Amino acid sequence: MKIILTILAVFFCSVLFAQQKVLTGTVTGKDLGTPLAGATVKSNEETVTTDKNGKFRITVSRNENVTFSFVGMQTVIIPYKGDQSPVSITMEYSSGSLDEVVVTGYQTQKKADLTGAVSVVNVGDIKDIPEGSATKALQGRIPGVYITTDGSTEGGTTVRIRGVGTINGAGNDPLYVIDGVPTQRGLEEINQADIESIQVLKDASSASIYGSRAASGVIIVTTKKGKKGVNHIDFNASTSLQYYNSKLSMLNTEQHGQAYFDASINDGTNPNNNEIYQYDWNGNFKNPVLNKITLPTYIDAAHTMLASNTNWFNEIGQTSILQNYNLSVSNGSDRGNSFFSVSYYDNDGIIKDTHTDKITLRLNTDYNFFNNRLKVGENFDVTFIKDKLIPATDVLFAALVQNPVVPVHTIDGGWGGPAPGMTDRQNPVRLIDDNNQNNSYFGRITGNAFADLTIIPGLHFKTTYGVDYDGLYERTLQKSYVSGFLSDPTNLVSNSQNYDGNLIWQNQFTYDLNINKSKLNFLLGQESINYINQNFSASRQGYAIEDINYAYLNAGTTNINNGGIGSAHNLLSYFAKADYAYDNKYLASVTIRRDGSSTFGSDNVYGTFPAGSVAWRLSQEDFIKKLSFVSDLKLRFGYGEVGNQTAPNYASYSLYSAIYGTDRTFGDDGGTAYDISGAGSGTLPSGYVKTQQGNSNLKWETTKEANYGIDFGLFNQKLSGSVDYFVKNTSGILVTPGYLGVIGEGGYQTYNGGSMQNKGIEALLNYAGQINKDLSFAVSANIATYRNKVTYLPPDVVTAYPGNGTTKTIVGHSINSIYGYVAQGLFTSQSELASAASQPGDGLGRIRYKDLNGDGVINSDDQTFIASGDPDYTYGLNINIRYKDFDLAAFFQGVQGIEVYNSYKTYTDFTSLWPGTNWGTRTLSAWTPQNSKSTIPALTLVDNNNEGRTSTYFLENGSYMKLRNLQIGYNMKNVLKKFKVQNARIYLQGNNLFTVKSKSYTGTDPENPSGAYPIPAITSIGLDLSF
Amino acid sequence: MVLPSCKKDLISVPQGSIDSAELNTPANIDKMVIAAYSSLGNDDIVTSNSLWPEGDLRSGDSHKGGDGLGDNSGWNDYEQFVTNRNDNTYTDQMWYQLYSGIARANDALARVNGISATAYPNKASRQGELHFLRAWWYFKLKILYNRIPYIDETMPKSSYINISNVQYTSDQLWTKIAADFRVAANILPTTQTDIGRPNKFTAMAYLAKTLLYQAYTQDDTHAVTGIDATKLSEVNILCDSVTASGQYSLDPDFGYNFLTEHNNSPESVFSIQYSINDGTAKGRIDMGHALGYTMNATYGCCGFHVPSQDMVDAFKTDVNGLPMFTGYNIGDPLQGTDFLNYNFDPRLEHTVGIPGNHPFKYEPKLNMDASWARDPAVYGVFASLKDLVAPDDASFQKIAPFMSSSKNWEDMRYADVLLINAEALIELNRESEALPLINALRTRSGNSLGMLKNAQGGYSTNYLISAYQPGVNCTWTQAYARQALRWERRLELAEEGNRFFDLVRWGIADTYINAYIAVESTKWPYLKSAHFTKGRDEYLPISLNQMNFSKGLYKQNPGY
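Chains as they are written, first to last, in numbering that gives the first Met the number 0: chain A, 0 to 1026; chain B, 0 to 559.
If we strip away everything but chain B, and leave its shape as in the complex, we get:
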C-alpha cells in the first residue's frame, strides 16, 4: 500500500505573504518608501502623532476631558503627574508607534541604499526623504523620553538588544537627529512633485527646530544650563533660507490652517496627508484627533482635549490689544456673552469651541451648547476646534463609536518657522529683528475675523489685537521680547501639541506648571492633588515593558 511520502507534504507555503528578498525590485522599493510615510498617519485614538495628549494635557493648555478621571486614565496620570508611572500603557504605546515609523524608514533606507541610481533614478531624493522621516520620529521620541536608543539602517535587528537608551548623551542624540535632517537638507530637491514629500526647505525647517532644542543645554536633571549661540545662529540662517525660498507664506486667514479645503496651503511646511474614499472602509483618516469631537448628535463622541480655563484666559488682551502678561486669569469667561466682557485675540475662536451664540468651527448656525460636553462638572465645556471639522464637511467620517476626518495635520506651519527664528534672534540678543516676525502673526490674527461671524453677522466676542509697537505700547527689551515670544507661541500654536515641550526647552516647566495647577485647581478641583516634580516630570519614563524587554539594558529616566 502507498503511504503519503514524508517531507514534501509537510511544507505549506505561507498564504498571502511575501518574503523580504522579493521586495528589492525598484517598484517594490518605492512602495517600501510609501510604507514608511504611511506610518505618519498610523496613529490611533490614544497615540496622536501630533502629541496633543503629551504636549497639551501636561502643559496647562488643556484638560483631559472625557467621561471622568477614569476614562483613558493614563492621560489623567499625565495631567496629575504624581500618579504617572512607568506602567502607563500610553507611554509604552507611543514609544512603540514612533519606533515602528523608524523601523519602516530603516527597512526602506537599507533597500534604497542597496540599489543603483541607474535602476532607481529617484534614489537620492528617496534617501533624503527617509533620513528626514527617521529624524522626524526620533525628534518626537527625544522630546518625549529624552534618552532613547538610536538605531539606523546599518544595524541588523538581532543587534537591537545590545543598543542601550543611554549609549548616547542627550546632546549626542540631538546631533544624530540633526545629522539626519542635515543629510536630507543636502540631498533633497528644492521642490517635489508629490506634495506629501519633504523638500530641501522642509528639512531645513526641521533642522532649525532641532538645533533650537539642542541650543538649550540640559544637565542630567533636565535643568537648562545654557544656550548655545552658534546653534542659534544656524537656526537663524536656516529659517531665513526657508523664507528666502519663497515657497511658504502665512495663510491670509489663520483658520485656513485648520480647514480641509486649505490642505497643503502655502503655510504648510510639512503636513501628514490623510485621505477618505481611498479604498479603505473608513478612510486613512486622522484617528489621532478622533477623541476631540463633542457629544452632540451630529458628532457623538468623545469630549476629550478640553481647553483649560487658563488657556482661554490667555487669549485676553489689554486695552492696547496686547496680551495680559499678568492678571489674565482673574475673571473667567465661561460661555455666551461672557466673551463680550473682555478683549480677546481673534485666534481664540479659531482654537476654542465656546458654548452659546458663537460660531462652532466657522459655522454661524452651529452653536455649541453646554450639553455637548462629556463631563462638564469635572472638566468644563470648552472644545478644541483645531482637531475637528464641521459635521457637514466632505472630509468628515464616522467610524463608530468615533469619528474624524481626512483633514491634513500641519505638523509644521510656516508660522512656527517664524517663531523659531524669532526665538533664536531674541536669545541672540537681536530682539529687534524678531519683532516683525512676531508682529506678522499678530497682524494676520487681526485679519482673521472673516470666518468668526455669528448667525446675526456680528461677533460674539470682543476682539482687540494689535502689533507690538516699541515706544508706543511696549518697551521691546530682550526680557520683554522673550515674554512676548513665549506668549505668542502659546496662542499661535495652542492645542497643537507643542506647549509642554516649549516649557521644558525653556527650563521653566516646574514653576510654570505648578503655578498653573495652583490657580486652575481652585476652578477645577480634580487637579487638587496634581503636582509637577522638577527633575522627573520633564520627560516620560521609559516604560516598564521596554525596561523588561531590554533585559535590564535600558536605564530609567531620573525620578521614576
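So that you can see chain A by itself, here it is in the shape it has in the complex:
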C-alpha cells in the first residue's frame, strides 16, 4: 500500500507542477507516405491516437518526451521544447526495432525488455500471399520454426518449433493463442488479412506461462482492432492462377509395352504371356529382336475398353484459379472502437474438382467507461469452410499407377478401369467424378468477451470468457460403378456430424510499478478450460437414384447403420509472472504455472512449470556506449520447464466398450457381435471388449530447456540480428506402446516412457539500407539447425521404432531416422557375383546390398541407420526494394543437407515391385549388359531380390531452395489523389516460381517425396485499397 501511495504522490506532483501546452501534428508512414491512422501518441499527461488523416492533438509539458508508437513500427520519441507549431512525424516498419511491442504470454512487452527467445513475424511480408493460411506463408521466415505443407486447397500445414519434441505425433504441434484464446487448431481457419501480429514463443522460459501445453512452442496471434479516431475501409482482392508443374514422367502405352518386353526377356519368360501386348519377335532370348508390338483393339473381354494412350496426370490435373477478397471497416472514438471484416477465399485446386470455399467474419470491439477505467470488449471470428471431398491422395496414387493403355471411358460412355493383369487401383478420373457431389461443411467460432478494470493506476483486473468451438457436417454419396474389373453394384450415403471445442475462462491481475530505476511488472492469473467432443454418424444403402439431392438418409432402404461417441477433458490452472528491469540494463523474469488436468492419473492431477530468465543490455553500459556504432547489445539466458499432455482420453482408466462391429476393410475388428443362432442376418447378440488398461500414475511429459541468446544492433539499428542456442530435453514422454500379445485386446496402456534431446542454433540478420530519398531496401536472412536424439526408451517401446530392437535401436539416433540396407550399386559382372556375400535373389543388374556384419550372408542383420531424416540446416532470405511508388519483394526458402526417402522410385525405377502398375520412363534406361553404366536395376517382373526393401537406393538428396514469393507492386495513391484514396496498390506476384534441387534427386519436388498433394506454382494479380 505504501508503494501505491508513493506512486499516487508522484503522479499528482507532476500534474501540479507541469506547465501544460498542446502539441498538434501529423504522423505518416514512411513506406507508403500515407497518413498513419491509429498511431499511439503518449505524453506524461495523456495518451491519444491519430485520426484517419494521421492528425493528433495532445497535452504536453515543456521539456518532456512525446512518444509515437504503432504496432510493427519503430517508435519515435521527440522532446517537446515548447514550440507551438505542428510537428510532422514519419514512422517506419522495422523488424529490428527495439521499441516494437511484442505480445508474450497474457501480456505485452517491449522487444528491448525481452529475456526469452521470441520471434516476431513481419506480417507485412506475408500479407498478400494467397496461400489460404498464414502459417503456410510463414514457411522459412522464422528461424527454428520448421513448416511443411502440401498444395491442398485446405491449406494444411505441419509446424515444428525447434525440432520434434516428443514421439507422440499430435504433441508436436505448437499451441496457438489467438487474441488470448488457446487452441490446437492451426491458422488456416482464420482470415490472414485480420492478423495484426504473430509472435512465436520458442523457448521454454517464454512459453512456460502456458504450462502443460507449451512444450512444442506457442504461436501468439493478435487480430486487428479499431483505433481511436480512425475510420477507414480496406479492400483487398487478388486472383491467382495455379499450375501443376511437378508431374512425374511415366510411360506411355508404347513405352510400357517395350519395358514389359525387356523385363520379360530378362526373366527368360515368354513376353506374350500377358493379356495386353503381343510381340512379334525372333524368339531368341540371347539376342532378342523385337519387330513389332501389337495392341488389341479392346483390352477387356467384354470389348468395351479401347486400347488407349492415357496420360493420367494430365487427366486429373488442371491449371486452376484461386481468388481472395477481403473487406474491413475500422472505426474508433473516445467511447469505443470497432473493427469489422469479411473475407472470401475460393480455391480451385490443381487436382480437378478439388475445391475449398472459405468465408470469415470478424467483429472486434471495445468500449470505454468511467474515464477509461473500465474497458469492455469482444473479439469474435466466425469461419465457414466448404471443402469438396475428393480423395486427392487416392486420385494422385491412382494416376501414378494406372496403366496408360486404359481409356478414361468405355466406348459406351462408362468408366474405363484396370484390365487383366493390372493393379486393382481405381480410374482416378472416376474417383474425382463420382465424389464431385460430396462436400464437407465446417463452421468455427473463436473469440472472447472481456472486461478490463483499472483498480488503481497500474493495477488491472481482466476477466475473459472465450470460446473455440467448431462443427463439421458431411453427407456423402458413394455411387455404384463398373470400372474395368473393379465394380460395386451398391450405393451408400453416409452422414456425419462432429462438434468439438473449448470453453475458456481466464482471470488475471497485472500490476506495473516503477521505483527509481527499477521497473516491475506482475501478473497473477487463473484459467479454466473445458473441452468436449461429440459426434455421430449414420449410413444407409439402397438408393433408387444416385443424386445428391435425393441422397438423404431417409431415402435409403437397406443396411441402416449408425454410430456415435464423445470425449471430454478439462484443465484448471494458476499462473504468476514477475518481470524486473533495472536501469534498462538488467532484466529478469520469473514465471510459474500450476496446471491441473483431467487427462492424468489421480496421483498426478497437478503439475508445476517454473521458468526464469535474465538479460543484460550491454549497450546501456558506458563502456559500450563509447562505441558509437553499437546501438544495441543484449545477452540473454533463460531456463524453463513446460509440459505436454497429449495422451489418449481417460488414459488413467481401465475401460470396456460395447463395440458391436466396425469397418473391417483393413485391420482386425474389435467387434463383439456374433450370429450365435446361425440366422445369417438380423440384429445379433453382442458383448463388451476391453479397450485399455489404466495408469493412475500418468503425468505430463516435461521439457526442460535452456536458451542462450544474443541480440545486437549496429549503426543505429541499420544492421540488427540475434543468435539463439538451445538445449531442450524432454523426459517422461507419453507413450502407448504395443504390448505382450498374450494380454489380448485392450492391453494398451499409456505411460511416461522415453526421453529425447534437441539441440540447435538459430540466427537472424536484418539490414535496412537507404540509397537515396527514393530508393531503399531491406534484407532479412535467417538460418537454423537442430539435432535430434532419442536418449532413452523403455525396452518394450523400442521395437515400434526403426532398428532391430536389440543391438541397434533408435536410442542415440534422431527420431526421424531411417533404418535399412546399404545398396552398393548393381552387380555388373559374374566375378562380382561370385565374390559377393550370399544374397538370395542376386543376379546381373540386381542391386548389391552391403554385408555390414561381414558374415557372408545378406540378411536382416545387415541393416543399419542409413539417414537421420533431419536437414543440416534450413534458411530463408527476404529482400525488399522500394523505389518511389514501386516496391519489389523476393523471398527464398531452403532446406539443405537432408536425405529424403523417395518412395516414388518404387514405381519410377522398377517393373517388378508392383508389376501391375504403370512405371516411370526411367525404366527405359535400366541396366543391361549393353547399357552397363546405368544405376537403375535391370528390368524384371519377379522381384526375387526383394529390391523394395528399405535401402539407400531410395535415399536421395532432398536439399532444395525455392523462390517462394516474388512480388512487384505499384502504389497509385498519387495518381488517384483526388479520389481521397489513402492507399491503392496493385501488385503482381508469383509463388514457388522455381526450385533449385540436387541433380541426384529423381522425383519432381524434394519437398514432397511421398505422394502428398502437389505444391502448385502460383501467379497472382492483386489490389489493396484503403479509403
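Treat the hints loosely; a few may be bogus.
What the hints assert, rightly or not - Mimicking DSS-like on lysine-lysine, the simulated pairs with C-alpha atoms at most 30 Å apart in a straight line are:
1. LYS772/A / LYS977/A
2. LYS41/A / LYS224/A
3. LYS397/B / LYS478/A
4. LYS80/A / LYS291/A
5. LYS126/A / LYS109/A
6. LYS478/A / LYS41/A
7. LYS979/A / LYS772/A
8. LYS291/A / LYS522/B
9. LYS624/A / LYS110/A
10. LYS285/A / LYS527/B
11. LYS849/A / LYS527/B
12. LYS478/A / LYS364/B
For the record, the hints were derived by calculation from the structure and aren't laboratory data.
Just so we're clear, the structure is a prediction, and the values are computed from it rather than from any experiment.
Since chain A is already given, all that's left is putting chain B on it; use the hints.
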C-alpha cells in the same frame, strides 16, 4: 471473487465406456460369452482363422498369388521359407489375434466361474463353451508356433509377463489343450439351441483331433519320434462317439459344404458363423477369405490363394479311378479342354477355379477367363473356390476394395472326423476298419457331380473315381492305407488350411515340401530359391515383437 474450485472440476467421466465391475450381471456375463465367440469371426484379410495362408501356402497346395512377390510379401516369405524371419508382421499379427480370442474367453470364464448357477442357469454350458473356445485358439497357436505361453482365467494380467513360452513342453501343452476340450466334452449338453455353440460331440471331435496330433511325439528339433497308441485308441473311441450321436453325416453333395444355403448342414461339426444385414455397415463377414476373389468385374480383387499346379495334378486319377500316387505331376492340365486329357476326382472342380468352359462356383455360365488372374506370369491362373461365393449369392458383400461373404466357414467337417478316425485306425494297424471311412468320402465325391455341369449340360472334365477295393484295384496294407489316407486328406480338405500341419504331424514336411519345390519351381520359377529347412521351418518363429515385449523371457524356436 470466485475461482472455480479445484479437484471436482478435474474429474471427467469417461464417455461411452463401461467399467469391468459393471459387467458381472447375469445378462452382461452372457454378453461377455458372446464377445468371446465373436473373436472367431474377427479375423482380417491377412489373418484368416482358417489358417489358409499358413496351412496352404507353405504346403505346396497353393501359391500366394496377388500382384507379384511384393504383394503381401510376408506370405511370400512363408512360401520361400528361406526368407521367413522373426520380423514377419503376419507372424506377429496372427499370434495377437489368437491370443485376443483366448483373452476374451478367459475374461468371460472368470466371470462365469464367479456367479452362481441359480443366478445364471446356463453356467455349466457356458463354462464348457468357454473351455472349448479357449482350447480352439490354443490348438491353432500350438500348430503354428509350437512353444507358446499358456494362460488361463485364474491368472491376473499382471502375471502374464512372467509366463514363458517354454514353461511347458510341447507334450504338456497338448495335454493342457486336451484338458480344456475334455472339460468341455464332459459338461457340455448333447445338443444346443443355438447352432453356433459347441455341444458335447463338437468337443469330442476336437479332443480327438488334439490327441491325434499329440500321439505323434516330436523331439526338440521337431522330428517325429514315435506314435502313442493309447492316444490313438482314445481318438478312435471319441470319433466313434461322435458318429454314434447320429447328429452328423456327410452332405450328399461335397459342394454343400461351401455354399451359404447349406450353412450348418449335417456335415458341419463346428462352423464360424458369419452374417450380413446384421446392423453393421458391411456385415460380420468372412474377411479371412476376402483375398481369394478374382480380378473380373463382378469381383475385382485380389487374386490370392492360387492352387498350385501340383495340387491340381493331385486330383488326377488312374484308369481305375484311384489317385496316381506317382507320376501324377507329369503333364500339366492348365485350362479349358486340357481337363479332358486326364481322369480326375470330381472334388477338383469344387476346389479349383479353372479357365475355360468350366462352371465357376457351380455357375455354368460364369466361366473363368485367364484374364481373371492377378499375375498369371508369376502364379498362374487357378482360383481357390472354397473361399468364395458366386457374385449373385445373397451372402456376397463388397467391402471396397475387397469383398467377401457371410458364408460360414466349416472349421471342422464330419469328413475330417472320419479321416481322423481312419488315420488313428491305420496307425493302430487296424487299416481294414479305416477302409470304409475313406471309401465313404470317395463314394460321396463320385456322387457330387450334380453341380458341375457346364452350360451345355455336360462336363468339361473327365471324371473317374472309385472306392478302394482291396484285391480288385489295390492291396490294402498298412503302408498302402497310410498313403491312401494322406492323399485322401489332401483332396478332401484341399485349400482349407490343413495340409502343412498334417505334413508336420506326420514328420514328412521337409522331404515332401522340398520335393514339391524342386518340381513346381520348374513350372513357376519364382520358387527357385525356396527351400524348407528341417528342424526350423516346421513352426513359425516367435515374432521379434513378442520376444522384445517379453523382455527376454520367451525363447525363440530352433533355427530362427
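*Looking at the structure, which of the earlier hints fail to hold?*
4 and 6
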